[in-house]
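Construct the entire structure; sequences and hints are all you get.
Protein chains: 2
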Amino acid sequence: MEIERKYLIHTLPENYASFPCRQLEQGYLCKEPVVRIRQDNDMYELTYKSKGLLVREEYNMPLTKEAYEHLKGKVDGKLITKKRYLIPYGEYTIELDVFEGALAPLKFAEVEFASLEEDERFVAPDWFGEDVTFEAKYKNNNLI
Amino acid sequence: MEIERKYLIHTLPENYASFPCRQLEQGYLCKEPVVRIRQDNDMYELTYKSKGLLVREEYNMPLTKEAYEHLKGKVDGKLITKKRYLIPYGEYTIELDVFEGALAPLKFAEVEFASLEEDERFVAPDWFGEDVTFEAKYKNNNLI
Chain A
39 MEIERKYLIH TLPENYASFP CRQLEQGYLC KEPVVRIRQD NDMYELTYKS KGLLVREEYN
99 MPLTKEAYEH LKGKVDGKLI TKKRYLIPYG EYTIELDVFE GALAPLKFAE VEFASLEEDE
159 RFVAPDWFGE DVTFEAKYKN NNLI
Chain B
39 MEIERKYLIH TLPENYASFP CRQLEQGYLC KEPVVRIRQD NDMYELTYKS KGLLVREEYN
99 MPLTKEAYEH LKGKVDGKLI TKKRYLIPYG EYTIELDVFE GALAPLKFAE VEFASLEEDE
159 RFVAPDWFGE DVTFEAKYKN NNLI
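These protein sequences, in sequence, are chains A and B. All letters in the first sequence, in the order written, are residues 39 to 182 by the working numbering. All letters in the second sequence, in the order written, are residues 39 to 182 by the working numbering.
To be clear, the hints were calculated from the coordinates, so they are not data collected in a lab. Treat the hints with caution; some may be incorrect.
Remember, identical chains collapse to one label, so a pair may be satisfied in a single copy or spanning two.
[To be verified] Capping the alpha-carbon separation at 16 Å, the derived lysine to aspartate or glutamate pairs in EDC-like fashion look like this:
hint, residue 1, residue 2
1, Lys-121, Glu-133
2, Lys-87, Glu-42
3, Lys-87, Glu-40
4, Lys-116, Glu-42
5, Lys-103, Glu-70
6, Lys-69, Glu-104
7, Lys-69, Glu-107
8, Lys-112, Glu-83
9, Lys-89, Glu-104
10, Lys-103, Glu-168
Rendered as structure tokens:
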């Protein structure tokens with residue numbers, strides 16, 4: 039089970055480029071449930087996510103490069119590319135996604151929680167924009 | 039983790055049609071790792087199986103009918119259809135697959151074990167043909 043909040047970002051924090059960064063490419067085979075392929079640096083995976091916005095079941099399964107390239111030919115619409123910065127914030131790690139290509143200059147931050155209680159207690163940093171967790175149009179699979 | 043043996047069947051046991059039977063349709067999005075979609079009566083699922091013959095990681099994830107129909111358009115090669123009979127055998131349940139369409143009259147029996155020790159102790163019934171567990175050509179994803 040995954041409990042995750044998502045925020046729009048309008049202004050990047052000054053030091054964001056100093057944090058660890060991964061290059062992501064991803065595409066969708068199905069929107070609901072989500073069946074996604076992703077390249078994360080030199081790692082490849084297939085992800086399944088059940089229906090839901092704040093809480094959902096998620097499975098991540100490894101793919102070979104060859105399997106990824108094969109499945110890439112089957113995605114709906116376009117591939118998404120983005121840079122993901124991992125920014126420590128108290129006990130959490132903020133995932134800051136900076137989109138490239140057709141979706142630039144879109145930016146999101148995501149924070150994952152171990153429980154709904156943690157989620158309720160969470161105080162977002164001041165550079166976070168609107169909480170769009172419950173706005174389906176901002177889900178990656180609806181952006182393509 | 040799944041531990042499973044597979045046997046060719048040449049002659050069906052006399053009473054096979056009296057056992058519970060499910061109608062299966064399945065197709066493959068990827069061969070290695072296996073990414074499979076399957077309709078099992080009115081249930082739909084996505085399955086991921088890691089590399090391997092006797093032992094492999096397996097994840098089964100529910101699909102809606104709509105998601106199944108969508109993913110059906112992405113399979114490699116043809117769909118497989120078969121009837122699966124569930125035949126009790128001591129503490130085990132034999133899955134007897136009787137293929138239809140282009141793959142008829144092919145027939146397999148599969149037995150799943152909780153441990154490698156169970157697998158070693160297993161004595162197959164006399165109507166089982168050759169053990170083809172380690173023959174990759176008999177994997178469903180190589181039949182298409």
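Status of the hints after comparison with the structure:
1. Lys-121 / Glu-133: Classified as within: same-chain Cα gap 10 Å, cross-chain 47 Å, threshold 16 Å.
2. Lys-87 / Glu-42: within (12 Å within a copy, 27 Å between copies)
3. Lys-87 / Glu-40: This pair counts as within: shortest intra-copy Cα distance 9 Å, inter-copy 22 Å.
4. Lys-116 / Glu-42: Cα proximity of Lys-116 and Glu-42: none, with 25 Å in one copy and 39 Å across.
5. Lys-103 / Glu-70: between (25 Å within a copy, 11 Å between copies)
6. Lys-69 / Glu-104: between (23 Å within a copy, 10 Å between copies)
7. Lys-69 / Glu-107: Between copies, since 12 Å is at most 16 Å while 20 Å is not.
8. Lys-112 / Glu-83: within (15 Å within a copy, 18 Å between copies)
9. Lys-89 / Glu-104: Only across copies: Lys-89 and Glu-104 sit 13 Å apart there, 28 Å inside one copy, limit 16 Å.
10. Lys-103 / Glu-168: neither (36 Å within a copy, 35 Å between copies)
Figure legend: structure checked against the earlier numbered hints; hints not met, in rising order: 4, 10.
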